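The primary structure of each chain is shown beneath.
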Amino acid sequence: MSRRWRDAPLAVAFLAPSLAVLGAFVLYPLGRAMWLGHQRCGATGGNCQSNGWDQYIDVFRSDEFQQAFSVTVRFALLTVPVGLALGIGLAVLADKHLRGMGFFRTVFSSTVATSVAVASLMWFFLLNPSVGVLADWIGGVAKDPGLLRDESTALWAVAVSSIWANLGFTFIVVTAGLQSIPADLYESAYVDGAGGWMRFSNVTIPMLGPTLLFAGVVLTSRAFQSYGEFDLLTGGGPNGSTTSLTYLVYGNNSIIKNNDGLQAAVAVLLFLVLLVLSVLQIRGLERRVHYGN
Amino acid sequence: MATSTQPHGWRLAGRYALLIGVAVLVLFPIWVMVVGAFKPGNKVLQDPLLPTSVTLDTLRQAWRDGNLGRSLVNSTVVALLVTVAQVVTSVLSAYAFAFLKFPGRTFVFGVFLATLLVPFEATVVVNRETIQDLGWLNSFQGLAVPFLATAFGTFLVRQVFLQLPKDLREAARMDGLGHLGFLREVAVPLARPTLGALALFGFLSSWNQYLWPTVISTDDDWDTVQSGLRTLSQAQIDKPNLVIAGTVIVALPIFLILLVFQRQLVRGLTAGAVKG
Amino acid sequence: MTTMRIPPAARTANASRSARRRATSAVAVIGCLVLAACGSGKSILEAGNEVRPTTTPPTTVPGQTTVPTAPPTTEPRPIDSLPSCDMSALDAAAADGPVELLFWHGMSNELGRELERIADEYNASQDRVEVRLEFQGGYEQTIDKYLQSNTDNRPDLVQMPEYTVQLMVDTQSNVPVQACMDDAGYDASGILPSALGAYATESIQWAMPFNVSNPVLYFNKKVFRDAGLDPEAPPLTLAELAEYGRTIQATGAASYGVALDSAPDGGGGWFLEQWLAKEGEFYSDNANGRSAPSTRVLFDGPTGVELLTGLHDVVANGGGVYVGENPGGTDAFLKLADTSAPAAMTIATSAALGAVLQFVAGGIIQGIGVEDLGVAPMPSPSGAPGTLIGGASLWITAGRGDAKAAAAFEFVQHLVSPEIQSQWAAATGYVPVNAGSVDLEPLRTVYTADPRFKVAYDQVAQTPDEPTSNGPVLGPLREVRVTAAGAMAQILNGADPATALADAATLANSLIADYNARRDNAG
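Taken in order, these protein sequences are the chains called A, B and C. Start counting the first sequence at 1; every next residue gets the next number (the working numbering). Start counting the second sequence at 1001; every next residue gets the next number (the working numbering). Start counting the third sequence at 2001; every next residue gets the next number (the working numbering).
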């Protein structure tokens, strides 16, 4: 057997469990959705008939898709960089052997325990214009008509809730990354005369490369696939300003509810967008990532 | 990791001040919720920051209305199933990608990564049909099976495996260890902190699973805590406090787990950092 | 792991290489976004269509009176073509033990508990039918799960909200309740005609109404008194609503008069249907879709424009406040509890009355007790009485065996009997569908002791017997409501009513045309 194929049987055995599950529950539905996306079905699910593959293009260029796409992209642009920056900030802040640091680390990671439902409901009540605590404090738009009810602020408000909820995850991942930076790198830099900020930007950030790439990809993919926040906080409103692509596919107030073919088309297009984005992210950034070894 | 200079004096005080400030900001929503959960219904809108009146009634009623007892059992069983399965499948597939050579490896890895990008909403309806055809609509398997493997876990463990020094593999081979032996004796033990993190994330993501349980259970004995919470949130207008109380109950077990595992996690991460 | 110091020279070289790479990626991303920005300006509903499906809706010119099209004479749907019902099958099956009846419902909390109590009592009182309740989480989830399940996984009896009539008919998965009524010789004369009529289309009674609600005006009597208004004379017309609001604002008794929302199931969608019906107008053509499937909406006609202009005036000059799209359902009511800028009135479903009273009893609104909460009929442009039927109804599933269908109808008869409706209405605040319930305990005492509970019932009782009193039957009714709600939101925010309604109507008509086209796909 050639060397290339020697490991193949073992590889198949090792990969089989994952591939079976992912194949059946991710790839197969994706394939079905791709096929369904060029069809139109009756509202009750049956009667599917082809409507031409140009349905995909028309869906992509349609008003509702464009608006949802814009909402999704803006949401990601809001949540990912801010989330990463805060995660790094908190991780660096807590990265000392000080008394009680364990407590602070627990606090900073605590939001990872909140689910989408929990976090969204928390912020829903805090921001409620009539009875919410934060609404009272912030005043102005927050009271009338409410941060989640005003077209220009709703997406920001949902973003804040999402950033808060993801803070724990980013903190944990970046902390793990920080822990694996060898101390002697810092010492060499210190010996070279580099100050705190210089050490941060020339040692910490580059060495955090793989970690940040990982966290960034995960946060971006989460941002693009956010659903629960929009469902619970705003129901896609006001005036569609928080209707993300996932809400367009599955939300209660979506205009393509009970329209299986169009829902599938939007979902597949979302997948393709994410694919392109991730390839760009990984290609564009991985070269800068220092794996060591 | 730690620098050789420790802050002292004013800088120390400043750091602590910053830490406390940030901690307050992070905890603020949680604090408001916990305070609200213990308030009786009519007082929930007064003094939201201070526990001026304390009662267990709200929590009890939220427990009842949201069927949270049974949901907690369901969530726990499913989360444990998913956690164990995800660790096992991720380790196996990560090993294949990190240490085994076979044609098409890059392509298959790309396919794995691509699955991370498939929006869940796209798969929900078809998966429901599959589960329905298998007769698993109201069952543990139905709740768990779509999540028994994850590309996220594979990616994470592969990163760790890739960072293991090449000489370890050589040494193992000279000791007569084949792939399975290397996996068991060397790779897994060295990756333990990451596996711990993966297990924790797996448990959390299963516990926090929002959409899937509401879609496949038609029998409310098979609700999970998140679907119970969603039902509670659609309660009548007189009960915002019930939703708050339900939120606290649902988040509590995870906080406790985090509390316990946080120390292990930090210890594991600090001790396990591979240093030459 | 060997550690590497990054020599300064390499660092700079790396940096410029990666900067170039970063720039390339940025350009690529921006390029994609620019491409994406080449929108077509068309709705997603028209994607892939070569020809616009079926009827091209006529464009309504604002100001032109819409002559309601005379309902085309079509044959009523023959009931023989639909699944049949055989009540004797239950007798046969019950000989071997009780027939299990699976009943999906969307009633949460107290409503669900009352339903469970009724079911438990029923099970204990006889041994032919054993009812098993399954709460699905709410109306929307019930609909979704029902549509996504195959016959084997569907329930025997399901509670579906009032906006799903055409959708359910199109699933072709039900035994029309009329088949069972005919077979059992059931006398439906006790059921409120408008309630029955809401669930009849194409001359067939498809479902049995079960829980009925309609919008009512909730108001703070103390604020009325403080403003010098008579709490026993609440506003009946939109003009009065505005006048009361101005008075309240002027005297400072509260910050606002009425709080309006634009939720699809509230102020933006459902209430629009109610208001048009009160003015004696059809919401959609072909007699609201009941004599033949509708092809377009009519809410962009002069009545609709006048109505929405009136509502806009209430918010702009009538002391009213617009609270947004109300996704959680609580915003409009919580506005009355706002301590810094409270409103004095709001319009909401009568089904919430019990819950609201408990809320108020808890002291959530500063300074008022239960007796200060007033309930009045829903104000309308001309003050006309009457209302559309809201709530939900019971549908019997076909294909699960004659015994199950018969058992389902047996339980349905029990649920709409005068005694049970009396208990149900008394406990929940829903309107009893059986006219005889009003004179039975416990409802009789509830209505005498607290007349607020009777307001919703009176609204139904006073509904004129007109075709317009039965609401629209549209396949995509929920999506059309969302569209109408969008228009309402824009108008209450200051947009021009005629334009907003026209745009919404265009979209709604596309929804209807698309739905009809997809339904008729295969044949």
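Hints in this document: simulated from the structure, not taken from any laboratory. Note that the structure is a prediction, hence the values are computed from the model and not measured. Some clues are possibly wrong.
[Said to hold, decoys possible] Reference excerpt, derived from the structure (chain A facing chain C, CB under 7 Å, subset only):
1) 7
2) 31
3) 44
4) 51
5) 55
6) 65
7) 66
8) 187
9) 235
10) 237
11) 241
12) 255
13) 257
C-beta atoms are modelled at their ideal positions from N, C-alpha and C, and glycine is treated no differently.
Problem - Which numbered hints fail - result: Of the numbered hints given earlier, those the structure breaks are 1, 2, 8, 11, listed in rising order.
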